[in-house]
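In order, the protein sequences belong to chains A and B.
Take the first sequence: its letters are residues 610 to 1294, numbered as in the working numbering.
Take the second sequence: its letters are residues 610 to 1294, numbered as in the working numbering.
A few of these clues could be false.
Where chains are identical, the list cannot tell them apart; a pair therefore holds if satisfied intra-copy or between any two copies.
Result set (DSS-like, lysine-lysine): computed pairs, CA atoms no more than 30 angstroms apart in a straight line [said to hold, decoys possible]:
id	residue 1	residue 2
1	K679	K1021
2	K1272	K725
3	K982	K1284
4	K965	K725
5	K679	K808
6	K1229	K863
In short, the hints are calculated from the structure, not lab data.
Every value quoted in this text rests on a predicted model; they were computed, and no experiment measured them.
There are 2 protein chains.
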Amino acid sequence: MTPSDPSAAKPVSSTSQTEAASGVNADPSSHKMMANAIRALSMDAVQAANSGHPGLPMGAADIATVLFSKFMKFDPRNPNWPDRDRFILSAGHGSMLVYSLLYLLGYEDMTIDEIKNFRQMGSKTAGHPEVYHTPGVETTTGPLGQGISNAVGMAMAERLMAARFGEDVVDHYTYVLASDGDLMEGISHEAISLAGHLKLRKLIVLFDDNGISIDGPIELAESGNMLDRFRAAGWEAMRIDGHNPEEIEAAIAKARESRAPTLIACRTTIGFGAPNKQGTAGVHGAPLGPDEIKLARKELGWPYEPFEVPSEVLDAWRCTGLRSARARVAWEERLAGLDAEARAEFERRMAGDLPKGLAKAINAFKKQISDEKPKLATRQSSQNVLGVINDAVPETIGGSADLTGSNNTRSKDMQAVTPDDFSGRFIHYGVREHGMAAAMNGMALHRGVIPYSGTFLVFTDYCRPSIRMSALMGERVIYVMTHDSIGLGEDGPTHQPIEHLASLRAMPNVHVFRPADSVETAECWQLALEAKTTPSIIALTRQGLPTVRTEHTDENLSARGAYELAAADGEAKVTFLATGSEVEIALDARALLQKEGIGARVVSMPCTDLFDQQSGEYKKQILGEGTVRVAIEAASGFGWERYTGPDGAFIGMNSFGASAPYKELYEHFGITAEKAAEAAKQRLG
Amino acid sequence: MTPSDPSAAKPVSSTSQTEAASGVNADPSSHKMMANAIRALSMDAVQAANSGHPGLPMGAADIATVLFSKFMKFDPRNPNWPDRDRFILSAGHGSMLVYSLLYLLGYEDMTIDEIKNFRQMGSKTAGHPEVYHTPGVETTTGPLGQGISNAVGMAMAERLMAARFGEDVVDHYTYVLASDGDLMEGISHEAISLAGHLKLRKLIVLFDDNGISIDGPIELAESGNMLDRFRAAGWEAMRIDGHNPEEIEAAIAKARESRAPTLIACRTTIGFGAPNKQGTAGVHGAPLGPDEIKLARKELGWPYEPFEVPSEVLDAWRCTGLRSARARVAWEERLAGLDAEARAEFERRMAGDLPKGLAKAINAFKKQISDEKPKLATRQSSQNVLGVINDAVPETIGGSADLTGSNNTRSKDMQAVTPDDFSGRFIHYGVREHGMAAAMNGMALHRGVIPYSGTFLVFTDYCRPSIRMSALMGERVIYVMTHDSIGLGEDGPTHQPIEHLASLRAMPNVHVFRPADSVETAECWQLALEAKTTPSIIALTRQGLPTVRTEHTDENLSARGAYELAAADGEAKVTFLATGSEVEIALDARALLQKEGIGARVVSMPCTDLFDQQSGEYKKQILGEGTVRVAIEAASGFGWERYTGPDGAFIGMNSFGASAPYKELYEHFGITAEKAAEAAKQRLG
């Protein structure tokens, strides 16, 4: 691949550019100047920061220029317009590509000063693109493979919303720019096989096929055939010259007509235009240096100062932005054509507001439970609550990673989505926990749906990078994680979570719920749905549990994270702190002590992170200052000192589990009312 | 697929079976009886436990019977014979397949009583196969995708050892039985593309292609072409009838001659022989029930009582075991043919004993550092230590997930392994963190090599399921995790670990090391190498750090997890606890207090889990009972109350990070000596 002839570069008027952009006979010189503007801004910004990745933006500039000038539907003045096309830079390290585009296209927040402040404190130009932080960025990327997998979720949400509101108001494409690294990650397999299965025809992946990774030529570690791989997953696939605008345009046009998702492998030269460094790993993640930048300016035919974009080129880009915005005006008219109710419903869902009536329905459910006092596994309770929720909240989209009957995430009358019919509300994600979680992030980012789905709690590990992205972005994604302790029994230590509750509680901005019975399960679900900017993990048991909340209250007692479930009879000497299935054990331990005349209370802690947010006074009161504190949780004790203090006790696990019926396991590991009572008495002296 | 004709079943003598097993003209009825023995034991055991997965062992019985009776090289009396073929049941839920095989083949520990005690407390027949717990089990499986990826590591270790000791003593196959679920998991993509790239021709995957997953027909969630997928990754691939012994035999024979790893997709009927339930999801994870078992006995032509295997059939299986053991005898002779030094070295490496001289070399390194006091990032220190280690310990195999220059895991003169030359010692794993970790588990399980490899600490999330398997199995796998805090700077929150140290410390049986300088880095590496049954995470900085251990001591001070680095001048009023890059800040904070006449000490805590194992007295002494305790770590404070107590302070992170130069980030988030000193003074009142 040789760089294009620098002598061919000449500025073009904005008028001719506008014409070119709307037709097929694009003036190549104007394309070249537009693409070079991306290259120049990118190399200059990385150089100024002395940090970053110039290689990708310089290599993919032609692809991005064709995509945005010929196809993308967006509006720089309304970055969140619902029916815009989505563009995902999965290879987030090439962030200067996006920032250059946003500046050139005229997104208001992206000024040239922001470009100059690339990777500096407080700038809009963070090291990797961050959604919400920078208008026009659709998802936070950087950890490889996440972006392409978010895009699968966005494309699913598009199909789901189109099935509900019609293609007049929901009809857009999802474009991804992905790198070798994205496609080497395992999550990419889960994402592309799910997308191929669901025939997400409006998903188009542009693979920046530059043959270079950080360690060097991709051949050091890879020798597969990418096109065949995608075809095996049910995709269309083609290969083009990623520096030839006509080929790029023809390929995208063809992909838009495909009946399947499409991979366009674009052969590019990483760092295109840097005469000595292009095509090498040296240009991947380090500034070019002043000398090479000087040479690149010459090579590219870009005689301008650092950060200078001549007005003709800027005008060409800005006109592209203005032209594209016309589509939004036409869409507004179509939206206005919907009947008032449908339009209000569409807008409610896109805004992420819950429908009225949920709280009332939840309270009715809670009251019924407190009356009937069933003994149920909380996973079953969750299914019952979901029956109520899915009636009241039509935008929920359930699913499971091939454990539907075990996770109990499919409520009655919930139809499965199929490749040809997206009117259903339940997704068979397959054994693809990571792809599922990332797709849920994409669905939440798209807006209009509230995704929840299940697997076993131990397999949060399999989707942990995406759970972290839910938390970092602040997406309302609800993880239904069943089989939440050694209480799952015979499946043994590979399936028994030990450290998972602690490891998830350590993550910022995640609600980790572990309800003790049906009532708490309903309360936790309500809190999860109401948490618009925080993902939730709902940890649920396989084994049956009694109803412990036998007196109904409309107040959501789980909302403060912990509350006194049983007061002491007489002066309180002991406080038992417990979550989920161990609340029953705590109540039994309390009874044992009370029988001996020792006043003991039980605190249920369905959500420690919500409890941590309470006032110091509330915390003191609930934790029972001055009492002996014994925490009980069938999991690692890591982190429990926060609540028990140095003199308290912890009854739980300090090793991996074992394979046996669950009651024997609780005995074996000493997680019993007797042990808890004994620990309290030892400390009372 | 129809079940075979039950009338064809008749017992055969052990003599004819022995003949059949050694030739190509196997008597089909004897194959059938041998396979039916697996089916009957499996359905009976699952029924007795009222828990487990009968579908896979019944469906894959023909495959396993052909593999073990015609090809596998093993010795039931020497389950750990080094040059045995490895058999990995990646679909660990079908554990009764392995237990049936081990019993039938005559592995001493696997009695019929163990089979009867399937999934009961203390039995050898745990819910999922567990290595070490059950002789003959090669790796712990259950979490899908791990087994096949371990197998890639085993096949790599075989090639590596063969390149070092010759094919006379190292020449064996690695066979995998994998399910749809294994191959849907993302890790399978990383594993198969790595295996294809490395041309692991002695790796053979038998895909139990039964078209059923827990949710139902696989078409609910999958429509890819598995053969094309493997071919795109550089594999040979073929499809056969998995109930036809001749086809199975021919396919395996062909695969053994291939120049690439081979996938054999075996069309099977899940639960083969259960007339009403076979071929459905109903037989996947639940007992058949007494009625269906009765019908299956009839269908299969197996008129025997539960757990009864007629002696002719048992003899046939036991003879297979005896026959295969002959290969070991021949191998012993070849091993004896090695010269004494090579043989001793082979045996030392297979036993996992470290060579003499390591401790001395490490101490010389430490002394030099204490003299020269360099300012280095600990990732650079690690590279320097690796220079010493890799000279002294020839069995280390380094690597990186495409971050070689950042992780600093490749020491001088370390040649990379290539598909055609395994004499090298460094693996370019590609951007495949999960596959890398699982392959390292496989290499460690194989024995003969000590694997270590790197990525960024934040990406422990990407390989967490395999880190957990390292811990659960107790494998000496060393994870070199650099860029261990906001100290990585501009890459921003997607790349800055916050909760990772806590989440790894919460996991049982993992050493989490975070050294403060070059000396501690050397000590932590030594501890990691010496921990034969515990994996290690070594968390290392991107940014430069001063040498804090300026006085040499031969004693490994990191071995107790924490130690007093700087005593107080005068009476100690304050104790600063810190790890890694924050030890420097603690020393500065101490200086600030001492300047004001407040006695303060600094405790360096390179490994909290080793510290947790010390005596109560040592812990009290180090933590400085009665002093105000301030912990400093640029990470989540989750878990630090264990050391600071309720009245202590924590200086660190309570949110995600940000993108900026690292010194600004430390200021921004208040992780400074001034803030630490201030927190101490506030508490002193």
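Taking the hints in turn, this is what the structure says about them:
For the identical chains of this complex, K679 and K1021 are neighbours neither inside a copy (46 angstroms) nor across copies (50 angstroms), given an alpha-carbon limit of 30 angstroms. Taking identical chains as interchangeable, the C-alpha atoms of K1272 and K725 lie at most 30 angstroms apart only when they sit on different chains, with a minimum of 20 angstroms there against 63 angstroms within one chain. For the identical chains of this complex, K982 and K1284 are intra-copy neighbours only, at 27 angstroms inside a copy versus 52 angstroms across copies, given an alpha-carbon limit of 30 angstroms. In this homomeric assembly, K965 and K725 never come within 30 angstroms of each other (Cα to Cα): the closest approach is 47 angstroms inside a single copy and 56 angstroms across copies.
When the C-alpha separation of K679 and K808 is checked against a cutoff of 30 angstroms, the pair qualifies only within one copy, where the shortest distance is 24 angstroms, while the shortest distance between copies is 43 angstroms. In this homomeric assembly, K1229 and K863 never come within 30 angstroms of each other (Cα to Cα): the closest approach is 65 angstroms inside a single copy and 71 angstroms across copies.
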